[in-house]
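Using the sequences and the hints, build the whole thing.
Chain by chain, the residues run as shown.
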Amino acid sequence: AQKVTQAQTEISVVEKEDVTLDCVYETRDTTYYLFWYKQPPSGELVFLIRRNSFDEQNEISGRYSWNFQKSTSSFNFTITASQVVDSAVYFCALSEVPGNTPLVFGKGTRLSVIA
Amino acid sequence: EAGVAQSPRYKIIEKRQSVAFWCNPISGHATLYWYQQILGQGPKLLIQFQNNGVVDDSQLPKDRFSAERLKGVDSTLKIQPAKLEDSAVYLCASSRVPGAGEDYEQYFGPGTRLTVT
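Chains as they are written, first to last, in the working numbering: chain A, 1 to 115; chain B, 116 to 232.
These are computed hints drawn from the structure, not numbers from a lab.
Do not take every clue at face value.
[Said to hold, decoys possible] Derived coverage of chain B by chain A (criterion: at least 3 residues anywhere in the stretch with Cβ under 8 angstroms from a Cβ of chain A; other residues may be distant):
id : region
1  : 181 to 195
2  : 198 to 210
3  : 223 to 231
The structure presented is a predicted model; accordingly, all values stated were derived computationally and were not measured.
Built from N, CA and C at the ideal position, the CB exists for glycine as well.
This is the structure:
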């Protein structure tokens, strides 16, 4: 069975600090996909990134970066120079085939960025 | 492109009452999902449709929950009768199927927040 663990329930940082959100996953599939979603106070889940199990290259998008390590089954998310607008709940998720199989979510990490 | 639409946004009912939620997916998205998100947890799949057929309803409490997707577009999720533990946000998501384009991410609607008293 697939499982996603986000051990950090809540994190609070001061604006401009860097912050890393941890994600550890379990799956028996050899091919799988990992995701990060952001859920702001409005409640809608916003897609941030998708990674497949064959691509361990780290990715950077503006202030966001992701570190995928298959050896430790981790897919961590770093926000550099955090801003108040980054305050949200962040979910890590796993699926077998995007578009064909559902997402298995972690419990989420609530990030509060204080001005 | 319009996003996933859901209504109502909020609903308060008493236990043992019935309630229905509506979802209109993104145009062209064959796959539709209903997720339940209890406060403080991640979303959990209730049911998955592809076109108007059910792909996975293994986690749907079928004694009280039902869902349909007539004509393979809009979908409704019904709870009858509701229990206190059904208080949650019900999220609808849609996606293309693989091979139907490069973008096959799941896009989520704003959700319906249900409170059962």
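Evaluation of the provided hints:
For the region 181 to 195 of chain B, the assignment as covered by chain A is violated, since 0 residues bring a beta-carbon within under 8 angstroms of that chain's beta-carbons and 3 are needed. With 4 residues carrying a beta carbon less than 8 angstroms from a beta carbon of chain A, the region 198 to 210 of chain B meets the three-residue requirement, and the given coverage holds. For the region 223 to 231 of chain B, the stated coverage by chain A is satisfied: 5 residues place a CB nearer than 8 angstroms to a CB of that chain, which reaches the threshold of 3.
Of the numbered hints listed earlier, the single one contradicted by the structure is hint 1.
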